[in-house]
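Colleague: Chain residues, written in single-letter form:
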Amino acid sequence: MFWKKKVPLIIVFIMGFVMALQYFIPSDFSQKFYDTYLDWGIVIGIFGGVLGYFSFFRVHIHKVTKKAPNWQFSLISILCSLLMVVAALLGGRGTGSLFMQLFLYTSAAINATVFSLLAFYISSAAYRAFRARSTQAAALLLAAVIMMLGRVPIGDSISFWTRWGLPSINEISQWILNVPNLAAKRAIILGVGLGSLLMSLKIILGIERTYLGSE
Amino acid sequence: MKRLTSVFLIFLIITFAFALANSSYAPKPQTPKLIDIPGDAGTNVLLQWRHFETVPGIRYDILRSEDGKNFEVITPLQTKTITYEPQDQPENDVSDLGYFLVLVPQENDLPIARVIKATEENRDSIISAGGKKILRVELGVPPLEEMEKLPNKFALGDFYRVIPDEEIANRPQPMTVPQKLFDALGIKIPSLGDVSIELTPKAEELEFVRKGKRILAAGEDNMPLTLKYGKQIVSFVTEDARYTVKSDNIQFLDRKSDKRDMEAGKHYIYKVRLYQKDIPIKKIYVDSDTAGITPQDEPPVVPDKIEALYDRKSNTAVIHINQTSGLSAFFDNKTYTIFKTTAEDTACERGSEIRKVSASIRAVILKDVDSTDVLYIVVEDEGGQTTKTGLIPLTPVELEKISLPPNLRVRDVENDRGQQIAIRWDPPTLAVGYSVEDVAPKMMQEKVASKNIFYLPTEKGGTLFVAEDPSQVPDGARKVLNLSYTVPGGKKVLKITYQMWTNSEDKALYGEFSLDGKDKIDKDNTGELQFRNIAEGEYSLIGHIIKSSGSRLKNPEANIDMKIDATHIHSVPIDVPPYIYYIYRGTDAEDLSTFEYVGKVGADAREFKDIFDDYKTAHHKYYYIVQAIGPDGAVAQSEPLGPVEGISNWFNTSKLVIFFGVLVFVGVALFFIYHAKRGKQFYIRPIAGIVHIDEALGRATEMGKPIVYITGLGYIDDIATLSSITILGRVARKAAEYQCRIFVPCYTPLVMIVAQETVRNAFLDAGRPDLYNEEDVYYIAAQQFAYAAAVSGLMIREKSAANFFMGRFYAESLILAETGASTGAIQVAGTDDMTQLPFFITACDYTLIGEELYAASAYLSNDPMQRGSLKAQDFLKAIEMILLVVGSLAATAGMWWFTNAFRALGGD
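Chains H and A, in that order, give the protein sequences.
Mapping of the first sequence onto my numbering: residues 1093 to 1307, in sequence order.
Mapping of the second sequence onto my numbering: residues 50 to 957, in sequence order.
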């Protein structure tokens, strides 16, 4: 228990306190200490990568050996992963290498495909969100319509009332973004700032210790 | 695990075997040309060689040896990334044009390529001279498999494949001319500025285009047109080989440094190594031939620009000394000793020494000379070698008096690690310029082809004239077809541009202006303010510099009162005086030869920061000298300032407000935690998203389906991820109590490790370690959309009854939430990422907004200390709200002292 709970808590307390102070200390010693700390983070992260890769293999090999449902996908995952490793080891990662070609013409393409699905998800989500069932939802719908029109050329073209000195749709949409939207965003940002500070304090003081595995 | 290890071992053995059997080709790189930098201490050698476009190399290593056997790698140099693309387009086929490639050999270098068009008369002689018929040109690098079909040879040359386009050549060609050209012609154009004209095509361009498709060497024909209609050729393809001509010159300077030694008179041997591939288990490279050099410590190089002025007003002389050579940075000149002599002393031997200064000094004032004196300078280098200049006569002039800036001082820069020293001076000055502009100028277009206006380029820019008979216009004149220009739209805007010439001690924040009583301030210090809808007339502009305390800088230069002429469209730029300041740093105030040049600033500066690369060198006592240099060469020099030393500061006072804020915050938090620990009960407002976490778990249990918990894309050092992990602990414990399966797919390995530990302990705490399955908490991939696809698949396959999205999310948030919604799962999300919150609010049943995510773990816990901390957060939010309201009211009432007070304490 001492090594698993107490020691990490002591380390977190000391390092949390020291790093909080470091923010206010510009001295050379402080800067070097911070640089070393960052290097340590990178080194630990690399070891984490190895563990992640083992986890990946273990889960998928288990699925293949147990012939779990859809085990074929796990086999493809393992083979593709190994193929990338072999390609990098044999041909390097330079321009024109097999690894780079696999990355650009399969991985990047698949990534772009999944990303492009977002357009359809946004449409379906917008359809659900913009149904004017209540006054609040109607206000949301109105704001959304103004925002959409403000983003396309037709928005300004149909703003016939500008001849009487009234703001165009584009200007109204900018106002929505810059005033009510920004005010709400800032309120959330202030809350996030306070919350993260308190969370840090709880972790440093050992009040919040769930991240160590248990309370 | 044993099986897994075996698979890995076999895989690694196979990989090594393949790699060792694999070999590849890289052409031999050019032998580097070695140049001993003249005028240095024999400690600099420049290496030059060519890298051809088609060489499939990824990097060069530069190797050096003293004995020709043991080479050490000095440095790697990355080569330009090659983009391979097919080069078999029909327009690259030039076989029907009859071009031949002839290589002219050179001694110690690659042959020079010549491209000759064959005629019936010269064809045989070209072939007998070794000419090869060019079948194809390549404008890029073809794929490797195509490259390997022909041997790759190299030659020097710069060629272009020209494919003229008559349609482009015949288009009217745009040009901008000053409005005054039309005024001179008697044509009134009401333009706000220059006029755009469209001209008939140039005759030479039409002629260039009519010559048709061809290959041109650089400079063979009109170069701008060659570049307009041509593309640079990378390689020529003949029947027997590919001749690459496009290359880059690569240079590397090997010089004495902390890492490497170099001595004058010692022989060094160099070669370059080209890597075609650099794979972990085998490196494939080719070395160039070696080349040797013995760098010499040459005598110093005298300055190539010396101007000696004798000021008749003050009876002093000023010498401006400059090295304009690009190699001057390598010279090891140490001191200049100035002698005065007579015009008869042509050998410069009988002079008397009048001043010895450092060789980096740019200007020297001499008081003990006469207008008839003649000077010469002896330059001494680090090795003690000397070189003399010739006789330098004094040019008698009358220089304007120039003054040093007032209150010159030198200070250690505050709040740094001790690597900066500042030279500061006064007065703080507000410099203002302005422009009267048209808000919405109208674009006018006019066809003037029928007016027979012609444009003739001249040395001074061009002229316009009218000619009724086009056949009578001079050569080179082109007809003006169309005009376009802008005319005033009616409303005017006055743009004030300003600069605050201040130093750090002035704590200047922004400019405040008043135009005929209409006040404007530039809180964000953008340097620009606008007064819209200005009527024609004259205005009075008053401006001030506002300090962080909210008060104005008092000195007259920092406050302006000027007239603005808004009767017409025009602009008045900020007027910067034409003098500059040179700054020198020395270690001995009494010895000018210790002072070296460290930089220069313009007259608009009030501060120069001497920044040391190595902070340790700042921890010495330094003196500084400032020279003010006038436009006519007049010099004023300060006395040595200082000494001053760079001090490594132990508290950053610019973060004082933040420090106090943190102290208040921690104090309030500890207060509430202390009272909570003593048993005081606090009311905590309910948060919908948190209340329904239990409901979601209950639903999953009832349905007998698993739950999916996503910790987001954040890393383990993200506060949002840590909060997510704490909530995961509570959710996992409930899941264990309800005997509900929980999946935690992870984006980063470190988060996975922590999540595994958290879930395992949660199951243990709930008394159900038997239900814990480590493979349910697993790593997917650190690629955003691979992760999104995998998690979406999991939710659909497992038909999860409840999904939790807690942590840091990016574009994948909606993909995940919409997929989850489509399966009918109850969804609870929580993130502090502003851009993703709308998506979660739309697609999820409950969303923890911003800090609610952090509050969730405390809310779920019955730990009094956790609830106390939550109360502290609410209390601090109330303080923030009060400050916001007071600040808004104060700003609305024009009382900027409130916000400025935060800045004054360093809260920027």
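Certain hints may be false.
Listing some non-contacts, in silico: residues in chain A with all C-beta distances to chain H over 12 Å [stated by the list, open to error]:
id : residue
1  : N119
2  : T130
3  : A266
4  : V515
5  : K541
6  : D614
7  : D743
8  : D767
9  : P798
Okay, the calculated bits of chain H under chain A, using three or more residues with CB under 8 Å as the criterion [stated by the list, open to error]:
id : segment
10 : 1232–1241
11 : 1276–1286
In short, the hints are calculated from the structure, not lab data.
The beta-carbon is built from N, C-alpha and C at its ideal position, and this holds for glycine as well.
Colleague: What are the numbers of the hints that this structure violates, sorted from low to high?
Modeller: 2, 8, 9, 10
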